[in-house]
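Visitor: As you go down the protein sequences, you meet chains A, B and C in turn.
Number 159 in my numbering belongs to position 159 of the first sequence; there are no gaps in the numbering.
Number 187 in my numbering belongs to position 187 of the second sequence; there are no gaps in the numbering.
Number 79 in my numbering belongs to position 79 of the third sequence; there are no gaps in the numbering.
Since the hints were made in silico from the structure, they are not lab data.
Incorrect hints may appear among the rest.
What the hints assert, rightly or not - For each label pair, taking beta carbons as the anchor points, the in silico distance ranges come out as:
1) Asn-123(A) - Ala-31(B): 18 to 24 Å
2) Asp-158(B) - Leu-146(C): 48 to 54 Å
3) Ser-151(A) - Thr-49(B): 51 to 57 Å
4) Ala-181(A) - Val-53(B): 46 to 52 Å
5) Asp-48(B) - Met-88(A): 29 to 35 Å
6) Ala-27(B) - Phe-62(A): 26 to 32 Å
7) Phe-5(A) - Glu-67(B): 45 to 51 Å
8) Ile-160(C) - Asp-97(B): 26 to 32 Å
9) Gly-167(B) - Met-88(A): 51 to 57 Å
10) Asp-97(B) - Val-54(A): 20 to 26 Å
11) Glu-18(C) - Leu-4(A): 42 to 48 Å
To be verified - Below are the PhoX-like pairs computed for lysine-lysine, each with C-alpha atoms no more than 25 Å apart in a straight line:
12) Lys-99(C) - Lys-121(B)
13) Lys-132(B) - Lys-99(C)
14) Lys-63(C) - Lys-124(C)
15) Lys-151(B) - Lys-121(B)
16) Lys-151(B) - Lys-132(B)
17) Lys-132(B) - Lys-121(B)
All residues carry an ideal CB built from backbone N, CA and C; glycine is no exception.
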Amino acid sequence: MSDLFWILISAMVVNNFTLALFLGLCPFMGVSARVATALRMGAANIFVMVLTAVTVWFLNTFVLAYAPYLRLISFIVVIASLVQIVEMTIKKLSPTLFRELGIFLPLITTNCAILGLAIFQTNRGYGFLEGLFFAVGAGLGLVLALVLMASIRQQTELSDLPGLARGMGLVLIVAASLSMAFMGFAGLLSS
Amino acid sequence: MTLATAGGMAGLLIVVVFEWAEPQIEAHRAAVLAAAIDNVLAAPARYDTLYVVDGALREAPPEGVLERDLERVFLGYDESDVPVGFAVTGGEPGYQDIIRLIFGYDPGSGEVVGMEVLESKETPGLGDKIEKDADFVAEFNGIQTPLVGVKQGAGQADPHEVDMITGATISSRTVIAIINNRLEELGPLLDTYPPVVKQ
Amino acid sequence: MKAETTAQHDLVRGIWRENPVLIQLLGLCPALAVTNTVANSLAMGLATFFVLMGSSLLVSAFKRFIPHEVRISAYILIIATFVTIADLVLAAVVPEIHKALGAFIALIVVNCMILGRQEAFASKRPVSRAVLDAAGTGAGFMIAMLMIGTVREVLGNGSILGYSLFGAGYEPWIIMILPPGGFLTLGVFLLVLGWWRGRTEGAQAQVRRWPHGVATRRAA
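If we strip away everything but chain A, and leave its shape as in the complex, we get (with noise of 0.2 Å):
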């Protein structure tokens, strides 16, 4: 049980996936300038990422041990498939939701993060459980990280920045700090 707990806190904290790993950049960038859309957007991620989870275990586990070389394709399909799935399942249950999130439903494909979790998935060969504790971990990871730079970004809104110094240069610079903080929960879970 402590192990499902250290792959979760891990890779929500401690190997961020955006702070750390470098995963989820393009909506970091670009969704980022709200809460409320970080949030939305947020949610809708960790959604599909724990359906992948599940998936690509299952793809893993009896599939893909005989045809490694077909896991890349396979997994980027599962993905766009279950974007699809989920942007008509959004649609239909709340139509608001559905408009609000608008453009970001189907670049959820092109997220780096969510193939990247497949892969580290498979490359540390989890089971079930650890792939779910590690999706969920990675997907509040991120909010984290959204929310965390929507928030600043709000703020620096109203502040009096030079002219060359808003926009995607700042956001960086503000990304290199949270990242900078986030070093300092490693060693968290150690004895």
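Put chains B and C on the given structure of chain A with help from the hints.
Guide: Structure of chains B and C alone, referenced to chain A:
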């Protein structure tokens, strides 16, 4: 229709490249493993791969079980076919992420005879000293099990003691823990393996 | 809006003026993750170049046969094929570098830069132009990677391509080869770029909100 042909061609291309690349990838993997075993068992003449099956060591995987699903240890022999020790791998979370290492164990003397870090993401300049600090690595060339970690400079009174690296306590502690835990798990199997006991 | 561009323009524009990493902010994941040494940056740049060229060529050659509704999936499949091949070749020929690049070789598949090029250009132009465009973009990507990689390795390790520059007495600025260093280097480059453009073009520094190409067309 054309999409299907294109898909088929793509698949064929991948299979062709795979068939070409796979033997080289396997060869490299085997070479890396052999080099690591060489390092921790002080250059044995050859080694056997043994599989841990139901609490015993076997020389081949049982029927229907894939090799990669089983835990392995390696038994090294010198030129006169005398066993020199086992090479065992292990991994546990260290400071940043999981540390994987391989170590040599001589059941006759109960000593660890060598250690090599295979994978680590510890902090460069601090934690990564577990692989870069030659003195630390050399501590494992002939040390009594179970290992006990002590702060550097505490003096080496006890043959069980390993000087940990200042500023990399957690990483050092993890290395020691991996070895101790693996020996706790596998020790009885290794100590009682017939070709070794016969010595 | 759709002015005819010259062949030379197609080749050159990706290199600097519309540099995928520094101007369009695409392909950031590998640009930050593997640029901790120059060798890794070079290898990743070459692998991405190969995938970009191959997929642009195929997409442009087969554009008439790819139905509009499934085009994105088709592009991704083509890209995935090339990435799988690149992954296998790297693993067989340069295993240490393959290990250092790790999962990021496979992640070339979701590099928005490549998909963006197919969607915005290769699917609409003849093969020769698509190849030029791919070459220019690939070269621009490589240049950006090398810039970031050099800064990070020199400051963070005191070396280039493993060759020590400053001798044993140099105290490396280790944070540069760690994740924050990646963000910091690119951020500073962008600030410098913004300042320089502000001076030469007299326009306000651009505020990028979303990568080009894929997003807007996907919504259509």
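Visitor: Assess, step by step, whether the Cα of Lys-132(B) is no farther than 25 Å from the Cα of Lys-121(B), and give holds or violated.
Guide: holds, 13 Å
Visitor: Quick one: are Asp-48(B) and Met-88(A) within 29 to 35 Å, going by C-beta?
Guide: This hint is violated: roughly 56 Å between Cβ atoms.
Visitor: For the pair supplied as a hint, Lys-151(B) and Lys-121(B), confirm whether the alpha-carbon distance does not exceed 25 Å.
Guide: Answer holds: Lys-151(B) to Lys-121(B) is near 23 Å, not above 25 Å.
Visitor: Evaluate the given range 20 to 26 Å for the C-beta pair formed by Asp-97(B) and Val-54(A).
Guide: With a Cβ separation near 24 Å, Asp-97(B) and Val-54(A) satisfy 20 to 26 Å, so the hint holds.
Visitor: Taking 25 Å as the top limit, are the C-alpha atoms of Lys-132(B) and Lys-99(C) close enough?
Guide: holds, 18 Å
Visitor: Taking 26 to 32 Å as the hint, is the beta-carbon distance of Ala-27(B) and Phe-62(A) inside that range?
Guide: Check passed, 29 Å falls within 26 to 32 Å.
Visitor: Could you see if the CB distance from Glu-18(C) to Leu-4(A) stays within 42 to 48 Å?
Guide: holds, 46 Å
Visitor: I want to verify a distance hint. Is the separation of the beta carbons of Ser-151(A) and Thr-49(B) within 51 to 57 Å?
Guide: holds, 54 Å
Visitor: Has the given pair, Lys-151(B) with Lys-132(B), been kept, meaning a C-alpha gap of at most 25 Å?
Guide: holds, 18 Å
Visitor: Ala-181(A) and Val-53(B), beta-carbon distance inside 46 to 52 Å?
Guide: For Ala-181(A) and Val-53(B) the Cβ distance comes to about 47 Å; the hint holds.
Visitor: If you check the beta carbons of Phe-5(A) and Glu-67(B), does the distance land in 45 to 51 Å?
Guide: violated, 31 Å
Visitor: Go ahead and decide if the range 51 to 57 Å is satisfied by the Cβ distance of Gly-167(B) to Met-88(A).
Guide: holds, 54 Å
Hints 5 and 7, counting from the list given before, are not met by this structure.
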